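J.: Those protein sequences? They're chains X and D, same order as listed. Per this note's numbering, residue 1 is the first one in the first sequence, and the count goes up by one each step. Per this note's numbering, residue 450 is the first one in the second sequence, and the count goes up by one each step.
Derived by calculation from the structure, the hints in this document are not laboratory data. Heads up, some of the hints might be wrong.
Unchecked claim - Stretches of chain X that chain D covers, calculated by requiring three or more beta carbons in the stretch to come under 8 Å of a beta carbon on chain D: (1) 88-97; (2) 226-240; (3) 340-346.
Keep in mind that this is a model prediction, so the values were computed, not measured. In this text, a Cβ means the ideal position worked out from N, Cα and C, and glycines have one as well.
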Amino acid sequence: MVGRMSRKLGVREESFIYLSMTTTEGDQPADIISTVEFNHSGELLATGDKGGRVVIFQQEQENKTKSHSRGEYNVYSTFQSHEPEFDYLKSLEIEEKINKIRWLPQKNAAQFLLSTNDKTIKLWKISERDKRPEGYNLKEEDGRYRDPTTVTTLRVPVFRPMDLMVEASPRRIFANAHTYHINSISINSDYETYLSADDLRINLWHLEITDRSFNIVDIKPANMEELTEVITATEFHPNSCSTFVYSSSKGTIRLCDMRASALCDRHSKLFEEPEDPSNRSFFSEIISSISDVKFSHSGRYMMTRDYLSVKIWDLNMENRPVETYQVHEYLRSKLCSLYENDCIFDKFECCWNGSDSVVMTGSYNNFFRMFDRNTKRDITLEASRENNKPRTVLKPRKVCASGKRKKDEISVDSLDFNKKILHTAWHPKENIIAVATTNNLYIFQDKVN
Amino acid sequence: MEVQKEAQRIMTMSVWKLYHSRMQHGGLRLHRSLQLSLVMRSARELYLSAKLEEEEEEAAAAGEIFPGQLETGAQTPQPHLETGAQASERVPQPLPLPLERISVAPEPMETQEVGGSLPTRLPLSEPAWSPVPPHGGASKPSRKRRSSTLGKSGAAEAGLVPSKKAKLADEEESERQPQRQEGPFPTLAKVLQDRFSGLILQPPTVNASGEAKPGCRQGDGVLSIMVRAVVAF
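Just chain X, with the same shape it has in the complex (with noise of 0.2 Å):
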């Protein structure tokens, strides 16, 4: 019934099957799951939602009796980040959607990370309370105090087991810096530092200093009507320190080197590649703007994602993507249809697996897609509770873009614009993939024997 497990992390071999699914508490808007993201370890998995709230799911240790797959995820800590606010100036609402999530790495027994909305940055810290301090002289177990006159002996507290309790406590908090919407963050290789962009600015803080940030990237024309692109996306590179990079809703990305100067509006590369005059259409320039952007784990190589196709490019060459994958190219001649139910707006996020040989990126119908960059294949999965059952093997699903359907093939028209795949995360170590849809998270992973 189900494939062998290949050593190799190749589309063709593996085989995800379906692992869980954790729905959220309903289906109100505020369930909808808004960002993913694997902890550095892959242990964690953090999902934040429209409502505010962040959900830290953790890996079940490895079970000798359950030798036939992984741990599972189950729920392990669930804080509200973030409360909706009121901009009081301008009489706007400030939403309270959890926007980006990014983990610190470890570097003792808690946990931290940056959660971040529209305006405002969180440094949160999750540790664990396995223990708890018992025989105080002064109090009593129930917390009241004692008359110190009842006090007859003395005898020193010790720590005694206790449920574990996992707590969130908000450690940092870093606001007032930005006028615009913020739409990522990125943590830097010195783990001291961390970007924070909005769509004319990108700011530079000091994990530990929440008073003040540096402006390092400042698009906003003297003449706001002037204004013809913002920023989309940005990130640290995962090891030079002093590069990042911002993608712009003209299809363009900047490598920014901070050491070059500290206003870092000068680019150091400007990659690029020229529209195909075919392809124009009034829709064009929507569809270039590009909706993230991430690094490959060795640096070498970063990817982009705009609405139709996912582009991986060199960062030694500037002019072109060294590989281009179009996601759902039969959307493009439904862009008119797309326009008119604003799913042409949708912001897809897109992943590295862990050995950079494989992408993955959300689309319609619940559909997400795997394209595996050395054997050139790419596979079509659908995260949907009806046609998987547990322990099974996702089957691979086909879209018809035009002639004859055939079997299980399912044609453009009746594709569900409503059930679509933003965001989506690849376990750094693992053929683990987490994969939200909107208002559940599914995890998947692949056979073991």
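Based on these hints, arrange chain D on the given structure of chain X.
T.: Structure of chain D alone, referenced to chain X:
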């Protein structure tokens, strides 16, 4: 014609999307506003160029039938266009009446721009005597005006900026102030709709040579709304 209709549809859709985006939770998004205005601009350009082609064809057809009549029309002077700077110049411009109130827009900057663009029309007014070039002459200055005014003249046309002309003032005065504020714009949609219906429903004027202008200017108005939405940040 189909292209024109499609472009109109997309323009209308864009305006409504922009209006509704103000209402959404979290407020207006700069990126979204920019994208909508870009589509709006592309659709508008296509609509106008399709309209121009259509008018050129009509003018060519009309010109073949009535060659003298057009020349007479072109010679009619339009004193309304003369500004302080250009008072001494008699610029024979074949412009239809609706354009008057736009070109004499009261803001000093607009007046200057109107005046500024007139000289560029001067050399072109010579060939304006013949049927075809007026379109080239008419559209060029308006294109220049579009870029230099960045929608200010259009804004007057759209009623977002006070106009000294009393004609539109009465109905728009009450709407102008709320539009300046940030936040929900309950009357904006109505104004936009009025403007747009004016753009779409108003039949092309008989005078072929000036036809492109009202279309351009009113389109400017809508575009300027997009621009202002962006500027509102």
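J.: Tell me, which hint numbers fail for this structure?
T.: none
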